[in-house]
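Protein chains in written order, with my numbering: chain D, 1206 to 1509; chain H, 904 to 948.
Hints listed in this document are in silico derivations from the structure and should not be mistaken for laboratory results. The model shown is predicted, which means the values in this text are computed figures rather than measured ones. Note that the Cβ used here is the ideal one computed from N, Cα and C, for glycine as well. Hints may be right or wrong, so weigh each one.
[Said to hold, decoys possible] With the C-beta cut set under 10 Å, the calculated list includes, among others, these residues of chain D facing chain H:
1. 1217
2. 1218
3. 1220
4. 1223
5. 1254
6. 1258
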Amino acid sequence: MATAPIDAPAAGLPADWRDFWALTKPRVMTLVVFTGLCGLLIAPGHIHPVLAFTAILCIAMGAGAAAALNQWYEADLDAKMKRTRNRPLPAGRMERQAALHFGVGLGAFSVVLMGLAVNLLAAAILTVSILFYVLIYTVWLKRRTPQNIVIGGAAGAFPALIGWAAVTGRVDLLPVLLFLLVFLWTPPHFWALSLFVNSDYAAAGVPMMSVVAGTRATRLQAFLYTLPMVAVAILPWPLGLAGPIYGVAAAVLNAIFLMLAIRVGFSREEDPALMKAERRLFAYSILYLFASFGVLVVDRLWFA
Amino acid sequence: MAQPDPTPADDEAIRKRQRSRSIVTALILFALVVLFYAISIAKML
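Let's have the full structure, built from the sequences with the hints guiding it.
Encoded structure:
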């Protein structure tokens, strides 16, 4: 299928506001906002609800800015993949320059607002998370190494730290464990996806693990990353940072994750249409992260 | 290469797009005014 040139919106039509909204990857933002909110809710201390709302808004805007800059830089890749070719830039509904200005403006605004309204540490971590996603993941790693999403996963792990820092003005062990949890969760989550959309990444020339090392190595590594992820997820309970509600829920959630990861690890299916284990792990991994963070909030509020 | 002159239908589509963008921008600016006011009050407490 031919795609419109990425620099030429149809008939000089200005981009629709919905295209700017799409540029922020709202679905990804949901998870970022949720983990940021959980980081904020589990933190000891008090924050005014207006400032808490502002902190979450800034996290959302920062994530949206990073997503816009990612799409600005990757418009050529997105045009080659079925999953992404209808995004505003590859579909020709927006000029690249508009996406760049939108991303830089939104990112700068989110950081300044966080610094002025909440605190400087939260603003500093937000800055690092935006720059990490755009410069380290998008520009540097994504097209160069199959470990792209491993290191890039750190970008998605920052919101819990930011939420915690917004309340306390410091970084402690629990938010660091949550950072590590999201960081270690990213490889099995993304590699499960990449296994059944392998042809899409291969067509775009993205060196995903499944493209470069093959499905067998990808399956094995997805399973291996699950092991430290499970350890980190359980750790808050024995360390006394969470109560039994979290401990029991984490044990169940992680046992299911491990079981699904083992199935993926030992699967030999090569046809993406028949990769049920990989689809299950991918779908469950999203539920897992929401549930783990949600239960931790319930636990911390219950035993507060 | 010069672009062809926009037809009345193109003009109408462009105006409609501009109008909807202006409305959304106005709503966002209004929301920010309210937010900044609320932040100012919260920081004083």
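Okay, the hints, checked on the actual structure:
1. 1217: holds (7 Å)
2. 1218: Where the cut-off is 10 Å and the nearest Cβ of chain H is about 6 Å from residue 1218 of chain D, the hint holds.
3. 1220: holds (8 Å)
4. 1223: Nearest chain H Cβ about 9 Å off; hint holds.
5. 1254: holds (8 Å)
6. 1258: holds (8 Å)
The earlier numbered hints are all upheld by this structure, with none contradicted.
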